[in-house]
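J.: Taking UniProt numbering, the leading residue of the sequence shown gets 1, the next gets one more, and so forth.
Just so you know, not all the hints are guaranteed correct.
Derived pair list, reagent style SDA-like, types lysine to any residue, alpha-carbon separation capped at 20 Å [unchecked claim]:
| id | residue 1 | residue 2 |
| --- | --- | --- |
| 1 | Lys-606 | Trp-391 |
| 2 | Lys-934 | Asn-924 |
| 3 | Lys-393 | Ser-736 |
| 4 | Lys-606 | Thr-401 |
These are calculated hints, taken from the structure and not from any lab test.
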Amino acid sequence: MHYEKVYCTCATRGGRWHVSTVPVGARKHAHSLPSPSLSPPNLTLATSIQIHQSHTEYISSCYTSMDSDQLKGRRSSSANLPSSFPPSQSKKPHASLANPSNLDRSSSQGSSQATAHISSDVQASGSASQGPMWFFSHPSEPSSRGLITGGSTNIHVDRSTYEQRGNFRAAPNYKAQRSADQPAIGSTDSMSPTSFGMDPVMNLGVGGFDLATGANIALTETQNFPDTYLKPFKDFNQVVATITKIHPYARITLGMLAAVSQMFVVQEIRNERLSRLLDTIKKVYEFLMEETTPKDMSGMRETFAKIALMTSGAVQFIKNYSATEDFWKRSGKDVEYETRDVSIAYTQALDDLMEQYRRRDDRGVGVDAFRVLEDLDLAGLARARGAGLNWTKRCIDGTRTDILTDIIDWIYDTDENVPRILWLHGQAGKGKSAIAHTVALWFENVGGVGSCFCFARDWQAEHLEEKIFRTIACDLAERDPAFRRALAGALATDDSLKTTSDVALQWRKLILEPLCKVSGRVVGNVVIVVDALDESGPERSRRDLVSVLASARAADLPRNVRILVTSRLFPDIEHALGAARHVRAASLDDVPAASEENDIRLYILKRLGHLRDVGPTEVFRIAQNAEGLFEWARLACEFVSLGRTVKNGLVKERIDNIMLLRSGGQLDALYRAILKDAIPNDRIALTRFRSVMQQIVSTVEPLSIDALSKMRSHFPANEDRYDVVAILESMAPLMSGITNRSSPVQPFHASFYDFLMDRSRSGVYFIDTSDAKDLAFATLQILCSDLQFNICRLESSYLANAEVSDLQKRIDENIPHHLSYCSRFWAQHLQKTAFDLELALLVNSIVGSEKILFWLEIISLLEVVGKGLDVLVTVKTWLHGQDGFKHTLAFIEDAIKLVQNFGSVIFHSTPHLYVSALPFIPPNTLLSKMLLPKFSGLAEVAVGVVKGWPVEQLLLHGHASIVNSVALSPDGKRIVSGSRDKTV
Numbered sequence: 001m002h003y004e005k006v007y008c009t010c011a012t013r014g015g016r017w018h019v020s021t022v023p024v025g026a027r028k029h030a031h032s033l034p035s036p037s038l039s040p041p042n043l044t045l046a047t048s049i050q051i052h053q054s055h056t057e058y059i060s061s062c063y064t065s066m067d068s069d070q071l072k073g074r075r076s077s078s079a080n081l082p083s084s085f086p087p088s089q090s091k092k093p094h095a096s097l098a099n100p101s102n103l104d105r106s107s108s109q110g111s112s113q114a115t116a117h118i119s120s121d122v123q124a125s126g127s128a129s130q131g132p133m134w135f136f137s138h139p140s141e142p143s144s145r146g147l148i149t150g151g152s153t154n155i156h157v158d159r160s161t162y163e164q165r166g167n168f169r170a171a172p173n174y175k176a177q178r179s180a181d182q183p184a185i186g187s188t189d190s191m192s193p194t195s196f197g198m199d200p201v202m203n204l205g206v207g208g209f210d211l212a213t214g215a216n217i218a219l220t221e222t223q224n225f226p227d228t229y230l231k232p233f234k235d236f237n238q239v240v241a242t243i244t245k246i247h248p249y250a251r252i253t254l255g256m257l258a259a260v261s262q263m264f265v266v267q268e269i270r271n272e273r274l275s276r277l278l279d280t281i282k283k284v285y286e287f288l289m290e291e292t293t294p295k296d297m298s299g300m301r302e303t304f305a306k307i308a309l310m311t312s313g314a315v316q317f318i319k320n321y322s323a324t325e326d327f328w329k330r331s332g333k334d335v336e337y338e339t340r341d342v343s344i345a346y347t348q349a350l351d352d353l354m355e356q357y358r359r360r361d362d363r364g365v366g367v368d369a370f371r372v373l374e375d376l377d378l379a380g381l382a383r384a385r386g387a388g389l390n391w392t393k394r395c396i397d398g399t400r401t402d403i404l405t406d407i408i409d410w411i412y413d414t415d416e417n418v419p420r421i422l423w424l425h426g427q428a429g430k431g432k433s434a435i436a437h438t439v440a441l442w443f444e445n446v447g448g449v450g451s452c453f454c455f456a457r458d459w460q461a462e463h464l465e466e467k468i469f470r471t472i473a474c475d476l477a478e479r480d481p482a483f484r485r486a487l488a489g490a491l492a493t494d495d496s497l498k499t500t501s502d503v504a505l506q507w508r509k510l511i512l513e514p515l516c517k518v519s520g521r522v523v524g525n526v527v528i529v530v531d532a533l534d535e536s537g538p539e540r541s542r543r544d545l546v547s548v549l550a551s552a553r554a555a556d557l558p559r560n561v562r563i564l565v566t567s568r569l570f571p572d573i574e575h576a577l578g579a580a581r582h583v584r585a586a587s588l589d590d591v592p593a594a595s596e597e598n599d600i601r602l603y604i605l606k607r608l609g610h611l612r613d614v615g616p617t618e619v620f621r622i623a624q625n626a627e628g629l630f631e632w633a634r635l636a637c638e639f640v641s642l643g644r645t646v647k648n649g650l651v652k653e654r655i656d657n658i659m660l661l662r663s664g665g666q667l668d669a670l671y672r673a674i675l676k677d678a679i680p681n682d683r684i685a686l687t688r689f690r691s692v693m694q695q696i697v698s699t700v701e702p703l704s705i706d707a708l709s710k711m712r713s714h715f716p717a718n719e720d721r722y723d724v725v726a727i728l729e730s731m732a733p734l735m736s737g738i739t740n741r742s743s744p745v746q747p748f749h750a751s752f753y754d755f756l757m758d759r760s761r762s763g764v765y766f767i768d769t770s771d772a773k774d775l776a777f778a779t780l781q782i783l784c785s786d787l788q789f790n791i792c793r794l795e796s797s798y799l800a801n802a803e804v805s806d807l808q809k810r811i812d813e814n815i816p817h818h819l820s821y822c823s824r825f826w827a828q829h830l831q832k833t834a835f836d837l838e839l840a841l842l843v844n845s846i847v848g849s850e851k852i853l854f855w856l857e858i859i860s861l862l863e864v865v866g867k868g869l870d871v872l873v874t875v876k877t878w879l880h881g882q883d884g885f886k887h888t889l890a891f892i893e894d895a896i897k898l899v900q901n902f903g904s905v906i907f908h909s910t911p912h913l914y915v916s917a918l919p920f921i922p923p924n925t926l927l928s929k930m931l932l933p934k935f936s937g938l939a940e941v942a943v944g945v946v947k948g949w950p951v952e953q954l955l956l957h958g959h960a961s962i963v964n965s966v967a968l969s970p971d972g973k974r975i976v977s978g979s980r981d982k983t984v
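Build the full structure now, drawing on both the sequences and the hints.
T.: Written out as structure tokens, the structure is:
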């Protein structure tokens, strides 16, 4: 009998694993295994079976896992909807855009909840609870995996999941008049609608909306609506052009609402199901015209932004309704019911927000748009960790308004030739990241489409530059349904795009082509922020990324796309971006000193103004000494208020000490002053400081205090085994994560690491990172002691990893951060250490025992099987040529072959490491001889056994015809093939 594939499955009951194998094509002869015990330390299966093959060729497909389509469950959810709708519509007279004189100040009292009022309770049965009069029952029907996403919590509305995420979104585009030939937007002298060359209505989706030129644009394409319906939108577009002197945040909000209004009125909508939502949007613009003023917009900017967020989300739903309707039909959903669900959610939220605005209640209540996103095949699109938006880095309100306004004007500029990329550069400490994060945060809050990607020096080992465009593509796909469909189409034609490290290919296939494809269908602008490009790594690591940004292809971006890049003025970045015509360069070093000093004074006043000994004179002195460096001002404030328990007289003394430091805003002098104050000047204290900081600086990614202390408890020297908090508690002015033992510890500013690792600058505080033995020893010791069989207690191999509903919870509970770190990075610390016999013996205890399988378990669960192969190759190189470790090298070589041949199975389902990979390790290998005696009851190949690893190592797909030639690169890392199909 001939079997080409074997499906091996297992389950656990009462601590025992139950294994069965089903040969394809002969299921009536399927064998079922007894209930073998497979738990440490014996790791034995009780019985075994033989699988006969009529031929002697080793078939690599014999480890194929179960048919996931047969085993995949379907999900459904429901929820309770609001019990009352709509909210009270009582109104009081307010000043308005149309009539600012009727302001009733008494109306500012009261409050209103600005939420969608949707219950987050999920009913397991999938049926809907009885709700208010508009909530009607419907028959049961198959559920879909479609997502409706937005903010930070899961909100369930009937059978669709409204998943709210706090994400970055970009604002729309309006013309900024900033130069002599382009008057400031605050001036209305030349703001006639015909004087700006506005594009035809059909292109508004591409170019965004121009606040200054959008008024009086012809709306002849909207004759489907009565003129009375369009009047609020037309009036709003006319009045917007006259608004001047508004807060930058409110300016962004106003721009989004203007873009939404313009795109809304030009879109032909003839669907009865959307009538209620259309009426609600009309009510929003009537409200804006009747009950708001520019002063209110600035004063109520948080609530104003939320109105823009929900309005833009509603219009995005309308613009994508046709595709959404098709998706719901394919999913077997009741289209009318789903449409009403989403419409009601938006209507309720907008009514609440308008009522909150009427009451002048500008609370920070979280709301987010309810985006309907198809569950397209984006799984496996590898994203970067630790590279997202950080709201704590934003500018203090009222500071950097000039540069922020300038950036907003660039974003809204509708000129066809406007540079698509703005490169903001300046010396360390100028506040580049604060500006970038502020722009990103504001656009997130008003509901635009975009992404924020931040490089950081302490994440360089993650090679973020290889993941940047994959991550940005994921962000855009989560914010815009049209882009999501375009991205899914690209991935469907080339699955390798999900994992490729080719930056140029990522840019072209995942960013440029999808954006061009959906040009005109995105609400407003697309804004991408790339912060701290100079911290991406050495020059060679960012060469491809800088080249892509500087290339002519970047100039082909749609006119509504903007990319904001920040960095220090490094030569390679300046050479590439400075010469590109589609890149506008702006320097923070050129900002007028008076403007910078005013901003810094405001910052210092907000940080120290509550202290009794700090008055205008002290604020002025500190700001003057900062000389334009915001990081210097921040450090000075931390030093003055250190410990938050400042005694009388101590504040003045600390300020006087700062004034004695060398002028010119030098960070080094302030670093030394803070360290001198924090670290006692004795041998033991300085030695411990250097040891802890060496550990922190040398880790591949930032670790928490708990993880750092856990690793330090495994250091080789007893005197080094202490809780790092004893040293770090005094480092709060310089490092984040000090007050929370579970937060990553990292510097507030990258220049602090530069200072520590330069002996000429740091002196007695110098950190030598050349010796990595302590970390190598600790990682190996932790692996030896903490690795264990079935670490996440998976009960069955019938489920792929992706189908285990609580897998992440299991990982969090059973694989602590320090063990996860050691599993991923032990080889990198070993590589930085000279050969050491003690370390080599620890390596042998892992790769030469069943612990190698337990380690493979973890990298499977962490989805880094590919990196596992790199780890083994690195360890092999480290041991190469060392006497006495021939068998260790053979174990490593077998482990490499195991990952190469069975990596996809291990990645797919962790239990199949034991069920579908281990039984088929060639019996003549050392790994097989060492492991198989420890496991009984495994499937065995009785006939046609291949005793060694197959010669074929990798099967490459891509050509459609015969391959005529193949060439290898000199370093062995690249393969080039030519085919009769005329492709290379």
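J.: Is Lys-934 close enough to Asn-924, meaning Cα to Cα at most 20 Å?
T.: Given pair Lys-934, Asn-924 holds - Cα atoms ~16 Å apart, limit 20 Å.
J.: Can the restraint linking Lys-606 and Thr-401 be considered satisfied, given a maximum Cα separation of 20 Å?
T.: Answer holds: Lys-606 to Thr-401 is near 16 Å, not above 20 Å.
J.: Given the hint that Lys-606 pairs with Trp-391, does the C-alpha gap stay at or below 20 Å?
T.: holds (18 Å)
J.: Check the hint pairing Lys-393 with Ser-736 against an upper bound of 20 Å on the C-alpha distance.
T.: OK: Lys-393 and Ser-736 at ~12 Å, within 20 Å.
Of the numbered hints listed earlier, not one is contradicted by the structure.
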